[in-house]
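Model the placement of chain B on the given structure of chain A, informed by the hints.
Chains as they are written, first to last, in our numbering: chain A, 9 to 278; chain B, 9 to 278.
For the record, the hints were derived by calculation from the structure and aren't laboratory data. This structure is a prediction, so every number in the text was calculated from the model and none was measured. Hints are not guaranteed to be accurate.
To be verified - Across the chosen pairs, the derived CB separations fall in these ranges:
no. : chain 1 : residue 1 : chain 2 : residue 2 : range
1   : A       : Pro194    : B       : Arg94     : 49 to 55 Å
2   : B       : Ser241    : A       : Ile122    : 20 to 26 Å
3   : B       : Pro28     : A       : Val248    : 38 to 44 Å
4   : B       : Thr240    : A       : Glu222    : 46 to 52 Å
5   : B       : Ser48     : A       : Ile212    : 25 to 31 Å
6   : B       : Pro95     : A       : Ile212    : 17 to 23 Å
7   : A       : Gly266    : B       : Gly150    : 43 to 49 Å
8   : A       : Arg250    : B       : Gly12     : 52 to 58 Å
9   : A       : Gln268    : B       : Pro196    : 36 to 42 Å
10  : A       : Leu18     : B       : Ala234    : 55 to 61 Å
11  : B       : Ala86     : A       : Pro55     : 45 to 51 Å
Said to hold, decoys possible - Simulated pairs of lysine to aspartate or glutamate, EDC-like, Cα-Cα distance not exceeding 20 Å:
no. : chain 1 : residue 1 : chain 2 : residue 2
12  : B       : Lys173    : B       : Glu90
13  : B       : Lys252    : A       : Glu118
14  : B       : Lys173    : A       : Glu215
15  : A       : Lys24     : B       : Asp57
16  : A       : Lys252    : B       : Glu118
17  : B       : Lys233    : B       : Asp244
18  : A       : Lys173    : B       : Glu215
19  : B       : Lys173    : B       : Glu93
20  : B       : Lys229    : B       : Glu243
21  : B       : Lys24     : A       : Asp57
22  : B       : Lys229    : A       : Glu118
23  : A       : Lys229    : B       : Glu118
What the hints assert, rightly or not - Short derived list, chain A residues pointing at chain B, Cβ under 8 Å:
no. : residue
24  : Asn34
25  : Leu37
26  : Pro121
27  : Leu204
28  : Thr216
C-beta atoms are modelled at their ideal positions from N, C-alpha and C, and glycine is treated no differently.
There are 2 protein chains.
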Amino acid sequence: MARGFLPSLLRLLRGKPHLPPSLADNPLLLALVRRRSVRSFRIREIPDDIWSAILEAGRLAPSTVNLQSWSFVLFTSATWQERFERPIPFHAPRGLILLGDTHRNRQVLEAFPIAPLVEYTIAVMNASLAAMAMNIAAEALGVSSVMLSETGRSGLLDAGYLKMKLALPPSVYPLMTILFGYSAAPSPPMPPKLPLEAIAFPGIYRETERAVMEDWLAQMKAGYKASHLFRTSFEDQLAVYRSKIHQAEHDLEEMVFGEQAACRLQEPGE
Amino acid sequence: MARGFLPSLLRLLRGKPHLPPSLADNPLLLALVRRRSVRSFRIREIPDDIWSAILEAGRLAPSTVNLQSWSFVLFTSATWQERFERPIPFHAPRGLILLGDTHRNRQVLEAFPIAPLVEYTIAVMNASLAAMAMNIAAEALGVSSVMLSETGRSGLLDAGYLKMKLALPPSVYPLMTILFGYSAAPSPPMPPKLPLEAIAFPGIYRETERAVMEDWLAQMKAGYKASHLFRTSFEDQLAVYRSKIHQAEHDLEEMVFGEQAACRLQEPGE
Numbered sequence: 009m010a011r012g013f014l015p016s017l018l019r020l021l022r023g024k025p026h027l028p029p030s031l032a033d034n035p036l037l038l039a040l041v042r043r044r045s046v047r048s049f050r051i052r053e054i055p056d057d058i059w060s061a062i063l064e065a066g067r068l069a070p071s072t073v074n075l076q077s078w079s080f081v082l083f084t085s086a087t088w089q090e091r092f093e094r095p096i097p098f099h100a101p102r103g104l105i106l107l108g109d110t111h112r113n114r115q116v117l118e119a120f121p122i123a124p125l126v127e128y129t130i131a132v133m134n135a136s137l138a139a140m141a142m143n144i145a146a147e148a149l150g151v152s153s154v155m156l157s158e159t160g161r162s163g164l165l166d167a168g169y170l171k172m173k174l175a176l177p178p179s180v181y182p183l184m185t186i187l188f189g190y191s192a193a194p195s196p197p198m199p200p201k202l203p204l205e206a207i208a209f210p211g212i213y214r215e216t217e218r219a220v221m222e223d224w225l226a227q228m229k230a231g232y233k234a235s236h237l238f239r240t241s242f243e244d245q246l247a248v249y250r251s252k253i254h255q256a257e258h259d260l261e262e263m264v265f266g267e268q269a270a271c272r273l274q275e276p277g278e
Numbered sequence: 009m010a011r012g013f014l015p016s017l018l019r020l021l022r023g024k025p026h027l028p029p030s031l032a033d034n035p036l037l038l039a040l041v042r043r044r045s046v047r048s049f050r051i052r053e054i055p056d057d058i059w060s061a062i063l064e065a066g067r068l069a070p071s072t073v074n075l076q077s078w079s080f081v082l083f084t085s086a087t088w089q090e091r092f093e094r095p096i097p098f099h100a101p102r103g104l105i106l107l108g109d110t111h112r113n114r115q116v117l118e119a120f121p122i123a124p125l126v127e128y129t130i131a132v133m134n135a136s137l138a139a140m141a142m143n144i145a146a147e148a149l150g151v152s153s154v155m156l157s158e159t160g161r162s163g164l165l166d167a168g169y170l171k172m173k174l175a176l177p178p179s180v181y182p183l184m185t186i187l188f189g190y191s192a193a194p195s196p197p198m199p200p201k202l203p204l205e206a207i208a209f210p211g212i213y214r215e216t217e218r219a220v221m222e223d224w225l226a227q228m229k230a231g232y233k234a235s236h237l238f239r240t241s242f243e244d245q246l247a248v249y250r251s252k253i254h255q256a257e258h259d260l261e262e263m264v265f266g267e268q269a270a271c272r273l274q275e276p277g278e
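So that you can see chain A by itself, here it is in the shape it has in the complex (with noise of 0.2 Å):
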């Protein structure tokens, strides 16, 4: 397969959703499976009931022993300003902060003594479960959204700097921004995604094969040089988080481990 910008750019604009012809007019469906990151928004306010309903799913979203391990900080463009000094990236009405959160519980419970992986691990993922109801929540309701782990600050990339503007106690960690509004333009392509015998293997692990993942590389490049017009490449994205991931480790470790997290900090070469 050829893996030039243009043959690769080909492929990934015809990457589509497969659903089965007998179901293809789910409408829960499609919204599903058409939903996109938006990073452009209108000028225009969520209305109340719609920003209460977004919240409402996540609320209500699954988690380990129905434990609700999560906190989710709630902005709107003018608050953002006021708490960071900055403009909300992609001038978007609404967003929130999404927190792993363990510490409300431990006021009545400890349900994770001594396992600070095992607490975090579960906070993480329950809060995730949240962040993907709000954002389905959000498309059935004509609502876009971004989830930023990076961009402006604003995810766990920047988890010291957040714990500090937040005001965090130990036990909370932040994971990503959402923000949310109304679509300033038609919907990006989709991004390339793998397929589906890449990442779904019946009854024990399967290795891809390398020219598998070197397709979506290059699928990847082309997208990024296409739809950022050449202003940045996926490279250059990539070096934008590698420069924060040691600090962003470091934060995360002494979050997650306390005092415990020294020994491997403090290494030598470190």
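What follows is chain B alone, placed relative to chain A:
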């Protein structure tokens, strides 16, 4: 507020989704808020087209930098029995074990150099987004599901066991089993959800009042007592988790940090 069994059970049964009347007829939103975890399935197969559509919703879920850091190991009740030498829980006709997976990407990309906790967090987060997308796709198609982290050695509390059974390479983490099928009983009542003001706050973190958590705990205990017909209690269920948690912590730390885990795992008192 009285926190005995009956008053708590009554409060639990009165807990309902709060949808604004203006939106209460949105079918997608209703599917989201009415979704329940189902633990009893009819003997009825899931047709192939429906099963494919559920997996497709997972394949197309959003992920950090579109890295799709997830894998799904797929089972029927027969292949589950074969792999694990015991019946699939709750007679489910289909199930999958959800994996966080950054192994595949490493063939072509070192996205997160020397930042194991960041890398792990991103894998857990993204895989959980895919899990929720599949859960909701199933609902849209009349299929119920349940996410398990413990029952039947099926989730992160048995990470070491599952790594062995599924032949998982490094950077692949077993997170949960999701079982799918047609519900054999009317929807169970909604487990006690925290009020929105306890989990969502404008602009900055806010501590939840202890009374709110005590009320929640009383409802949890009453709900377990009522729904499990006195066979097990919430405390007993937590005790099962606790009995596995130190092994799970050890296995997960080794999977995430490799040799670096040793300095913490072998410290005195462990």
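Between B:Lys173 and A:Glu215, is the straight-line Cα distance small enough, at 20 Å or below? holds (15 Å)
Tell me if the beta carbons of B:Ser241 and A:Ile122 are separated by a distance inside 20 to 26 Å. holds (23 Å)
Mind checking the hinted window 55 to 61 Å against the Cβ distance between A:Leu18 and B:Ala234? Once the Cβ atoms are compared, 59 Å apart, the range 55 to 61 Å for B:Ala234 and A:Leu18 holds.
Is it true that the C-beta distance of A:Gln268 to B:Pro196 lies inside 36 to 42 Å, as the hint says? Given about 39 Å between the Cβ atoms, the range holds.
Does A:Leu37 pass the interface check with chain B, least Cβ-Cβ distance below 8 Å? holds (5 Å)
Is the gap between the beta carbons of B:Ser48 and A:Ile212 within 25 to 31 Å? holds (28 Å)
Just to be sure I understand the hint, the distance between the Cβ atoms of B:Pro95 and A:Ile212 should be within 17 to 23 Å; is that true here? holds (19 Å)
When you check the alpha-carbon spacing of B:Lys173 and B:Glu93, does it fall within 20 Å? holds (11 Å)
A:Lys252 and B:Glu118: Cα distance at most 20 Å? holds (15 Å)
Mind checking the alpha carbons of B:Lys173 and B:Glu90 for me, to see if they're no more than 20 Å apart? Given pair B:Lys173, B:Glu90 holds - Cα atoms ~11 Å apart, limit 20 Å.
Holds or violated: 45 to 51 Å for the Cβ distance of B:Ala86 and A:Pro55? For B:Ala86 and A:Pro55 the Cβ distance comes to about 50 Å; the hint holds.
So does A:Arg250 sit 52 to 58 Å from B:Gly12, Cβ to Cβ? holds (56 Å)
Against the hints set out earlier in the document, no violation occurs for any number.
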